[in-house]
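Student: Read off the chains here:
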Amino acid sequence: MKKFTLFKMLSILVLASFILAACGSTATEAPVVTEAPAATEAPATEASTADVSLRWRTRPDNQEEINVYSTISGELDAQLDGITLTYEPGGTEGSNYQDQLRAEIAAGTAPDVFWIPGTDVADFATRGLILNVSDLAAGTEGFDVNAFYPGPMYHLTYNPETSETGATSGALWGLPRDVSTFVLYLNLDLINEAGAPDPRELAAAGEWDWDAFLDVAQKTRALGSDVYGYGASAWWGPYGVWLNAAGGGFFSADRTACALNTPESLQGLDFQRSLYQDYDVATPYGEDPEPPFRAGKVAMFQNGRWATPGVRTVGFNWDVVELPQGPTGQMGNWLFWGAYVINANTEHPQEAWQLVQALTTAQVQGEVAALGANIPSRVSQEAFDAFLTFTPPVNNQAFLNGLADNPATEGPLWAGSWPEYDKVMGPAIQSVLTGGQTIDEFGVTICDEANKVFNP
Amino acid sequence: MHASLNTDSKNNLILRLATIWRWIFMLFAVCGTAILWMPVSPVDVFWQKVLFTIVLAVFAILSGLAATFIPRRDHRGRTISLLLDYLAFVAAFVFTLNVGQVFIGIDSLGEKFGAGLLFLGVTLVGYLIGTLGKVATRFLLSEKTLQIISRFTMLAGLVLFLWRVDAVTGLVSLIGRLTRPAGLLALSSVVIFGLAFWIMWREPSAVAMGAKTHHEQVINGWLFLSPNLLGFLIFFAGPLLLSLYFSFTDSDAFNPPNWVGLDNYAKILNIRIVPLNSPDQLAREVIDIKVYDEVGRLIIGKFGLLFAAADKYFWLALRNTLIFALIAVPLSVIPALVLANVLNSKIPGMKFFRAVYFMPSIAAIVGISLVWQWLYNATIGYINYFITVSINFWNNVFNTALVDPKIQWVSDEKTALLAIIIIAAWQTVGFNTVLFLAGLQNIPGELYEAATVDGAGAWNKFWRITVPMLAPSTFYVITTTTIQSMQVFEQVFILMNPPEGPNNSTITLVLYLYRSGFQNFKQGYASAIAWVLFIVIFGLTLLQFQRQRRSNIYEN
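Protein sequence lines correspond, in order, to chains G and F. If you're matching positions, the first sequence starts at 1 in the working numbering and goes up one per residue. If you're matching positions, the second sequence starts at 1 in the working numbering and goes up one per residue.
Check before you lean on any hint, since a few could be wrong.
[As the list claims (entries may be wrong)] With a straight-line Cα cutoff of 30 Å, these simulated DSBU-like cross-link-like pairs (lysine-lysine) come out:
hint	chain 1	residue 1	chain 2	residue 2
1	F	Lys346	F	Lys267
2	F	Lys461	G	Lys452
3	F	Lys267	F	Lys351
4	G	Lys452	F	Lys351
5	F	Lys312	F	Lys290
6	F	Lys414	F	Lys267
7	G	Lys452	F	Lys290
8	G	Lys219	F	Lys267
9	F	Lys312	F	Lys267
10	G	Lys452	F	Lys312
No wet-lab data here; the hints were simulated from the structure.
Make the full structure from the sequences, and use the hints.
Tutor: Right, here's the structure in full:
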């Protein structure tokens with residue numbers, strides 16, 4: 001009897017969880033387009049006599065982005081005659097979007113069209129995982145590679161067989177989904193409290209350089225032992241800007257050798273090291289700076305446009321400013337990008353190419369950019385004007401200034417392996433920034449190892 | 001008599017058909033092997049061709065042997081027939097499921113399951129109505145009426161659930177696929193192999209083939225074992241052997257691999273140990289930096305030894321993994337032993353504490369790691385907050401000037417691995433405690449009573465009775481915890497950014513093989529690392545077994 005009652009109680013518990021789960025799934029399910037596989041496949045199969053079914057995927061950062069891409073998928077499904085679309089939101093960056101994608105490609109179950117970061121293009125292209133659509137593009141009326149930012153198109157039109165790039169190179173690996181660049185997200189309340197000058201005004205006056213940046217960082221740091229002047233995440237993007245701004249960089253000009261040990265690169269890295277080790281103005285390197293920034297403990301938080309939706313929910317006054325100018329007079333910013341590419345094993349390359357074009361029209365990019373997470377990859381005044389209206393932040397111009405300051409383009413290594421290079425560079429730089437080794441030790445040894453990842 | 005003769009001739013006919021079937025089976029296997037090596041072969045990859053050739057050749061030989069045994073009424077013919085037809089039946093069945101896209105359908109069902117959960121709940125409501133029993137009379141309903149309502153509610157819930165998850169559409173799709181040529185071929189294969197199996201399985205055939213009781217027992221045993229055995233062979237042993245093959249290739253997982261022999265292993269094991277003239281002598285002065293990287297140096301006074309390797313990351317990973325195991329295992333075992341002894345008492349509420357200590361073991365590692373990530377945060381984490389508060393308190397009370405260390409748990413190369421060890425130990429202690437608790441329950445109470453009579457104290461009882469009697473449990477706990485520690489991955493992968501940690505201080509062997517195989521396109525090399533790791537773990541486990549045998553504590 002006791003067991004029977006227990007079973008009844010368990011049943012009620014399970015029932016309650018069913019109801020909760022059902023309610024939960026309804027709440028999140030509505031905006032997601034899921035006309036997918038087998039159980040629902042009969043209609044699709046019947047429709048396949050008329051329609052081509054395409055699956056596409058991109059890496060969203062949050063549910064809002066998933067909703068936007070789902071809506072776009074629905075709209076394009078209605079627009080593209082003869083094509084039925086299924087949008088599959090991929091995992092986020094933290095859940096290893098690329099690892100899952102690679103496994104699916106190996107298993108032959110990857111979508112027809114998918115997004116990859118700019119750094120992965122060479123690896124995917126040279127291994128034959130993505131389709132070269134230059135022939136399809138050549139036969140497409142009105143298509144122009146120059147409609148997009150030249151930096152990403154340099155790599156997307158790079159022909160590894162001839163080392164040529166550009167519209168006539170005979171290679172086109174995809175089209176850029178969007179672009180982004182770094183700014184400093186400012187906690188204006190902290191800066192005011194510290195009596196530090198407003199970085200936006202300094203930038204407008206052309207006085208926003210490393211010294212001015214350090215001054216603001218030190219003044220805000222003085223507010224308390226738990227308040228920091230600056231915070232940045234631990235990956236190649238944030239530390240790369242200091243090297244770039246000093247006139248250095250990761251690679252030689254032709255991207256065939258390590259340049260981490262040049263005096264300029266070391267100067268940039270040394271300045272960043274001083275922020276952590278000498279002046280102690282930065283959140284500890286390797287610790288996620290976003291939680292303390294959101295908690296109102298960091299005055300200047302270096303991040304890209306993708307951080308904007310999250311920052312919009314903080315409870316203090318904030319805005320953005322471009323990165324400070326380095327010794328070269330430039331910010332050393334990056335032009336981040338990723339591209340929609342076509343699975344080399346797709347059964348419908350023509351339709352997939354149609355989809356890639358549709359996903360990169362000004363209108364679709366505007367819809368995504370309106371969310372605030374990124375910047376359209378098409379170079380047009382119309383796109384700029386629209387982007388400036390997507391506030392907050394008020395100072396959206398800072399992003400466009402970053403893009404206009406000749407940023408270094410995020411890019412793959414056609415002459416080597418980017419993941420291998422990153423594997424060598426990242427821990428070594430982290431060691432410098434956390435005091436594990438000196439700049440001199442780093443400079444003497446880093447390229448011995450890093451140069452091994454380039455093709456002989 | 002006449003009926004018996006009829007049955008015999010029918011049986012003989014069936015066994016003659018079975019013999020013919022075996023020859024046909026062999027012929028198909030031989031033809032299949034030949035097709036594999038023709039241009040029309042559906043298999044392109046060399047290793048797959050070899051593998052299928054071996055399997056088909058074995059099938060052909062066995063089928064041929066069975067074909068000669070059956071006419072002689074040798075029971076081996078029946079055993080081989082059952083084995084071959086059973087395996088072929090399972091393969092045909094899986095093939096049919098694949099042709100019908102049932103696996104994709106299950107995926108789809110999984111996606112839509114949430115939408116139908118509410119209706120599955122209706123089914124449960126129906127069941128609960130049926131359990132009301134005599135309570136029903138309070139609502140002026142007879143028990144019978146209640147049962148009818150219950151059944152209809154359950155049925156309605158089930159129908160609505162199937163409708164909501166599009167099961168009917170899926171079923172129609174399945175039937176559609178199975179009525180196409182490929183589907184029909186797959187279905188016929190299932191029927192043919194099933195029939196062939198049944199023909200030899202039936203009792204008259206068994207009797208005719210001279211089956212004895214032990215024959216039946218063996219066959220039944222293998223049949224019961226087969227689901228697990230097939231799963232083991234296909235999903236564990238198969239991939240294991242495949243990874244061994246890949247370890248001798250340059251596979252990138254996407255393109256046909258090239259055979260590179262022992263190159264991968266040679267690169268892993270290519271090391272140099274060279275003396276240094278001075279502690280700060282540059283590595284490039286004593287090693288060929290185009291081949292080797294410095295892994296570390298041992299400094300003795302003014303001199304030192306440089307350890308360099310062609311793949312420094314492997315050796316760094318091995319070092320970190322061994323350090324991890326060396327510290328994490330005692331930290332997971334000794335507290336568990338103490339805790340188990342405490343929790344073994346009969347104090348009220350002890351069951352609650354047992355559950356509490358076990359909780360970390362059943363919680364998802366990803367969730368735990370994320371929680372610890374926040375705790376470890378050097379700026380707003382609770383651990384540093386409590387350290388700061390404690391130091392301030394101490395300084396204020398005792399008028400001292402202790403300095404707050406502001407430990408950068410995960411971003412300092414001196415503490416990063418320790419941070420991972422703490423999480424791993426914390427998570428494993430609960431599980432080990434339960435294992436020790438089970439061991440403690442098996443120690444006869446008389447031993448403690450006798451010891452008490454002899455005047456032994458608590459410590460003596462623990463040291464001279466508990467510890468020796470727990471030896472088998474301790475051996476099991478240490479062995480499994482060591483293996484687990486050598487495979488540390490999730491905590492590092494989630495907690496650290498980048499996972500290798502500052503100056504590669506948290507790179508571990510499994511992390512390194514994962515990064516090599518899945519991120520750096522080096523599946524062949526990653527497989528070689530996996531096999532080296534296997535050998536290391538195997539060696540350590542063997543050592544533990546030998547120590548256990550030598551100690552013989554339990555027997556004494």
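Student: Measure nothing beyond the straight line between the CA atoms of Lys312 (chain F) and Lys290 (chain F); if it is 30 Å or shorter, mark the hint as holding.
Tutor: It holds: about 13 Å lies between the C-alpha atoms, which stays within 30 Å.
Student: For Lys346 (chain F) and Lys267 (chain F), compute the direct alpha-carbon distance and say whether it is at most 30 Å.
Tutor: It is violated: about 57 Å lies between the C-alpha atoms, which goes past 30 Å.
Student: Holds or violated: Lys452 (chain G) with Lys290 (chain F), Cα cutoff 30 Å?
Tutor: holds (7 Å)
Student: Verify the proposed pairing of Lys461 (chain F) with Lys452 (chain G), using a straight-line Cα cut of 30 Å.
Tutor: violated (61 Å)
Student: Below or equal to 30 Å on CA atoms is what counts here, so check Lys452 (chain G) against Lys351 (chain F).
Tutor: violated (58 Å)
Student: Mind checking the alpha carbons of Lys312 (chain F) and Lys267 (chain F) for me, to see if they're no more than 30 Å apart?
Tutor: With a Cα-Cα distance of about 10 Å, the restraint between Lys312 (chain F) and Lys267 (chain F) holds, given a limit of 30 Å.
Student: Given the hint that Lys267 (chain F) pairs with Lys351 (chain F), test it: the Cα-Cα distance must not exceed 30 Å.
Tutor: violated (53 Å)
Student: Run the distance test for Lys452 (chain G) versus Lys312 (chain F): straight-line Cα separation, threshold 30 Å.
Tutor: holds (13 Å)
Student: Between Lys219 (chain G) and Lys267 (chain F), does the CA-CA distance stay at or below 30 Å?
Tutor: Between Lys219 (chain G) and Lys267 (chain F) the Cα gap is close to 52 Å, so the pair fails against 30 Å, i.e. violated.
Student: Within 30 Å, alpha carbon to alpha carbon, are Lys414 (chain F) and Lys267 (chain F)?
Tutor: At roughly 29 Å apart (the allowed maximum being 30 Å), Lys267 (chain F) and Lys414 (chain F) satisfy the hint.
When each numbered hint is compared with the structure, violations occur for hints 1, 2, 3, 4 and 8.
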